[in-house]
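Q: Chains as they are written, first to last, in my numbering: chain A, 310 to 412; chain B, 310 to 412.
Mixed in with the good hints, there may be bad ones.
[What the hints assert, rightly or not] Think about it this way: if two alpha-carbon atoms lie no more than 27 Å apart in a straight line, the pair counts; the simulated DSSO-like pairs of lysine-lysine are: (1) A/Lys411 - B/Lys394; (2) B/Lys354 - A/Lys412; (3) B/Lys411 - A/Lys412; (4) A/Lys354 - B/Lys394; (5) B/Lys328 - A/Lys394.
[Unchecked claim] Reference listing, derived: stretches of chain A covered by chain B, where coverage requires no fewer than 3 residues with Cβ under 8 Å from a Cβ of chain B: (6) 340 to 349; (7) 397 to 404.
[As the list claims (entries may be wrong)] Ranges of calculated distance between the beta carbons of each label pair, as one might list FRET restraints: (8) B/Phe391 - A/Val389: 34 to 44 Å; (9) A/Phe391 - B/Glu325: 30 to 40 Å; (10) A/Arg393 - B/Lys411: 29 to 39 Å.
Just so you know, the hints here were simulated from the structure itself, not pulled from any lab data. All C-beta atoms in this analysis are idealised placements derived from N, C-alpha and C, irrespective of residue type, glycine included.
There are 2 protein chains.
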Amino acid sequence: MYIFQVHHYIKPEMLEAYKNATLENARQTILEPGILRFDVFQDAKAPAHFSLFEVYRDLVAREFHLQTAHFLAWKEVALVSFDRKGHGDEFIALFPAELDWKK
Amino acid sequence: MYIFQVHHYIKPEMLEAYKNATLENARQTILEPGILRFDVFQDAKAPAHFSLFEVYRDLVAREFHLQTAHFLAWKEVALVSFDRKGHGDEFIALFPAELDWKK
Chain A
310 MYIFQVHHYI KPEMLEAYKN ATLENARQTI LEPGILRFDV FQDAKAPAHF SLFEVYRDLV
370 AREFHLQTAH FLAWKEVALV SFDRKGHGDE FIALFPAELD WKK
Chain B
310 MYIFQVHHYI KPEMLEAYKN ATLENARQTI LEPGILRFDV FQDAKAPAHF SLFEVYRDLV
370 AREFHLQTAH FLAWKEVALV SFDRKGHGDE FIALFPAELD WKK
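Kindly generate the complete structure, drawing on both the sequences and the hints.
A: Okay, here's the thing in structure tokens:
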């Protein structure tokens with residue numbers, strides 16, 4: 310399993326474009342066979358801060374995602390939306406245990 | 310829905326105690342009627358960094374959780390485990406949309 314959470318900080322004038330592109334990407338991404346979870350969150354107190362929580366079956370599934378047309382289309386919008394550099398964390402799932410994660 | 314992610318930074322000598330207490334708390338917490346998700350993660354690259362991803366049906370469910378015996382037992386261990394102050398974010402779910410979240 311490969312778990313990645315990324316944080317993005319978006320230019321005010323790009324909020325809607327980023328949000329639409331991210332939702333469209335999420336709707337396609339969740340259909341990929343190797344994706345267990347693909348959640349999109351917006352910070353309740355800082356609306357320019359978004360976080361994507363991505364759970365892949367393995368690194369192969371992650372690599373597959375990075376080459377899909379929907380990811381590449383999203384990336385074009387995202388790259389011009391970032392207000393500053395984002396950051397991310399890779400996690401290990403302790404609870405539920407990895408074997409208990411289902412789509 | 311109330312979504313909260315907290316980040317904890319644990320003293321090296323308290324890692325196992327914190328982990329055990331957190332797993333025990335998670336196993337009890339997920340049984341609460343108002344809890345939609347209660348995930349426990351450990352940073353794959355910084356093992357002293359843990360993150361809890363908590364999704365409650367509403368703020369009432371969050372308040373209920375904070376008064377349970379299992380939360381209070383966890384808190385006793387957690388308070389002596391923290392190496393430095395943690396931090397947290399409150400999120401709004403964009404994808405899946407709130408109505409699509411199930412336990």
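Q: I'd like to know which numbered hints this structure contradicts. Please list them from smallest to largest.
A: 1, 5
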